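Chains as they are written, first to last, in the numbering used here: chain A, 2 to 473; chain B, 158 to 372.
For the record, the hints were derived by calculation from the structure and aren't laboratory data.
Accuracy of the hints is not assured; some may be wrong.
With a straight-line cut-off of 30 angstroms between C-alpha atoms, the simulated DSS-like cross-links for lysine-lysine are [what the hints assert, rightly or not]:
#: 1; chain 1: B; residue 1: Lys-333; chain 2: A; residue 2: Lys-169
#: 2; chain 1: A; residue 1: Lys-98; chain 2: B; residue 2: Lys-333
#: 3; chain 1: A; residue 1: Lys-292; chain 2: A; residue 2: Lys-370
#: 4; chain 1: B; residue 1: Lys-352; chain 2: A; residue 2: Lys-171
#: 5; chain 1: A; residue 1: Lys-169; chain 2: A; residue 2: Lys-10
#: 6; chain 1: B; residue 1: Lys-352; chain 2: B; residue 2: Lys-159
#: 7; chain 1: A; residue 1: Lys-52; chain 2: B; residue 2: Lys-333
Keep in mind that this is a model prediction, so the values were computed, not measured.
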Amino acid sequence: MSGQTLYDKLWHSHLVEQRDDGSALIYIDRQLIHEVTSPQAFEGLRLSGRKPWRRDANLAVPDHNVPTEKSEREGGIDGIIDPISRLQVQTLDDNCKDFDIFEFEINDRRQGIVHVVGPEQGATLPGMTIVCGDSHTSTHGALGALAHGIGTSEVEHVMATQCLVQQKMKNMLVRVDGTLQPGVTAKDVVLAIIGEIGTAGGTGYAIEFGGDVIRALSMEGRMTVCNMAIEAGARAGMIAVDEKTIEYVEGRPYAPTGEAWQRAVEAWRELHSDDDAVFDRVVELKAEDIKPQVTWGTSPEMVLPVDGTVPDPANAQTGSEREAISRALEYMGLRAGQAITDIKLDKVFIGSCTNSRIEDLRAAAAVVKGRKVADSIKLAMVVPGSGRVKEQAEQEGLHEVFIEAGLEWREPGCSMCLAMNSDKLGAGEHCASTSNRNFEGRQGFGGRTHLVSPAMAAAAAVTGHFVDVRDW
Amino acid sequence: MKSFTTVQGIAAPMDRANVDTDLIIPKQFLKSIKRSGFGPNLFDELRYLDQGEPGQDCSDRPVNEDFPLNHARYQGASILLARENFGCGSSREHAPWALDDYGFRCIIAPSFADIFYNNCFKNGILPIELDEAIVSRLFEEMYANEGYALTVDLERQLIVTPSAEEIAFDVDGFRKHCLLNGLDDIGLTLESAEKIREFEARWRDQSPWLFGKLA
Ligand code: SF4
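With the sequences and hints as input, model every part of the structure.
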């Protein structure tokens with residue numbers, strides 16, 4: 002028998018029941034909860050008179066709707082101006098109280114984007130199965146965990162049973178070998194991967210990321226890569242545990258200590274694919290070929306190196322591709338053949354569960370230090386991923402660098418990643434964004450999103466258009 | 158859950174690839190704490206010319222006459238024909254809730270995004286994957302014939318076209334069983350409660366650091 006992949010190991014260690022028809026019950030160690038996808042699940046429990054199976058497996062935090070302006074934030078929930086957002090955040094609090102679920106409330110110092118908070122607090126650990134009613138739950142796979150997004154019915158299902166009904170996915174290995182050029186980051190790597198396999202390339206697979214480049218990435222960088230596995234269609238992305246993982250977890254508030262720590266580390270050292278493991282599909286990229294990436298269209302696979310030019314529908318291979326390119330060009334207000342570096346920007350957003358960790362903020366600060374945001378930029382904002390990230394950045398003086406350069410320094414939350422609060426693009430505005438989705442209307446009705454790394458976004462803020470950070 | 162046995166109804170087009178969940182139901186409507194009422198805002202940005210807001214009366218909004226769902230011939234449609242990678246993006250179940258609330262019971266496409274596909278079954282909607290060539294042919298027939306209706310028979314796993322052609326489709330056995338009988342997933346899983354408890358006890362011995370109250 003051939004060896005097991007990391008995914009196989011995580012699957013088998015959590016298998017409660019295999020059914021004849023191919024479905025299985027998988028035990029879930031941690032459920033993360035936020036305000037948008039949980040109210041209907043709690044309501045379902047209430048209607049059926051059910052209770053959470055294991056209260057200590059759940060952790061809640063509001064993130065999508067919370068305001069990021071200090072003045073609005075200071076009043077806590079009561080201070081939220083939009084009554085519908087306020088009700089949603091209040092409903093999370095009420096539900097957590099009713100069902101005795103632990104929550105980092107809106108102005109808790111530990112509050113933040115659920116996918117930043119989990120690893121940071123040690124609430125998500127290697128070897129766990131982790132779910133959340135949010136597709137970017139794949140982020141936590143960076144710690145060697147099986148983590149995926151689920152719908153609200155499944156949120157209710159996991160609360161009530163501690164299990165998820167699943168079908169085993171196929172295994173895909175994405176290897177990136179070699180050494181990245183200076184200025185090329187985890188974000189560029191994952192955008193290049195999506196450009197290569199497409200937004201549906203990972204459908205039905207669990208993707209393991211491996212190779213020299215992935216090993217060399219920091220834990221923050223690995224989270225950026227796994228975060229966007231879903232943008233390649235894969236519900237789960239993961240990376241083997243190594244010394245870096247263990248070092249990252251050690252000392253986190255909810256990480257094990259003492260003897261339990263020793264036992265845990267021993268178990269975690271097994272969390273990698275065996276040498277003779279067989280993958281259903283292997284994709285290989287060379288690090289040297291990866292340049293800083295910029296999306297030009299309305300799907301993350303519509304991505305190009307910064308020195309590229311916007312595609313011409315006339316050169317499309319198929320009719321549907323031609324139509325997709327034409328529609329994207331029209332929506333984005335771009336012309337075929339236009340250089341990426343000629344795209345003028347109106348706003349810059351540095352934040353989201355993809356790129357709002359301390360390392361991302363350091364990279365952006367290094368670029369804008371001693372420089373000024375271009376006059377043509379209407380708004381450039383930095384939204385730290387959590388209260389902890391914010392504190393750390395302030396200790397390092399990064400906030401001063403941003404403020405001096407003319408960027409706004411905000412309170413933690415999802416913010417303009419999906420524009421459920423008041424941070425939005427206006428119709429027709431172009432935004433350099435470190436988030437993960439450039440869908441039509443994602444950052445505001447008619448808004449035009451270009452996905453980039455934090456360094457690329459920062460450089461674009463200074464020049465008012467895209468530039469190659471490798472020349473910076 | 159609503160059961161699904163046979164659905165007969167008009168087919169309507171969503172003729173583009175990679176239709177994402179933001180397009181199916183824009184995020185401003187996700188602020189609702191309810192499960193129902195999303196139908197009027199299904200495909201909001203395509204259906205209307207203005208920007209939709211939650212709680213608004215959609216009946217006097219300017220509609221986009223170019224959008225097929227606004228055409229008289231597709232009114233009352235219960236089957237949606239779509240292109241590849243339908244439902245990509247977020248895990249929001251608001252997407253199937255909106256489709257269901259609008260009246261769609263079945264979506265036919267060459268491929269679906271995983272989470273969306275799964276979410277459909279939880280809401281009594283049947284997503285059917287067919288060969289791209291077959292889907293294209295159904296699109297052509299639908300465009301050519303006003304009132305084009307299909308019959309979807311889940312028990313027999315067949316789609317029947319107006320010319321009585323039968324097209325077979327695949328569906329996973331467990332999901333089919335649940336959908337046919339309108340079974341509540343949670344109730345089914347709780348039948349295995351004993352097994353879950355056994356597993357949990359073993360797992361707690363083996364990995365005690367995964368248990369314990371957060372504070
Ligand atoms: S930051 Fe964006 S992608 Fe991440 S959880 Fe929030 S809304 Fe979703």
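**Report entry** Earlier hints that do not hold, by number
**Finding:** Hint 2 alone not satisfied by this model.
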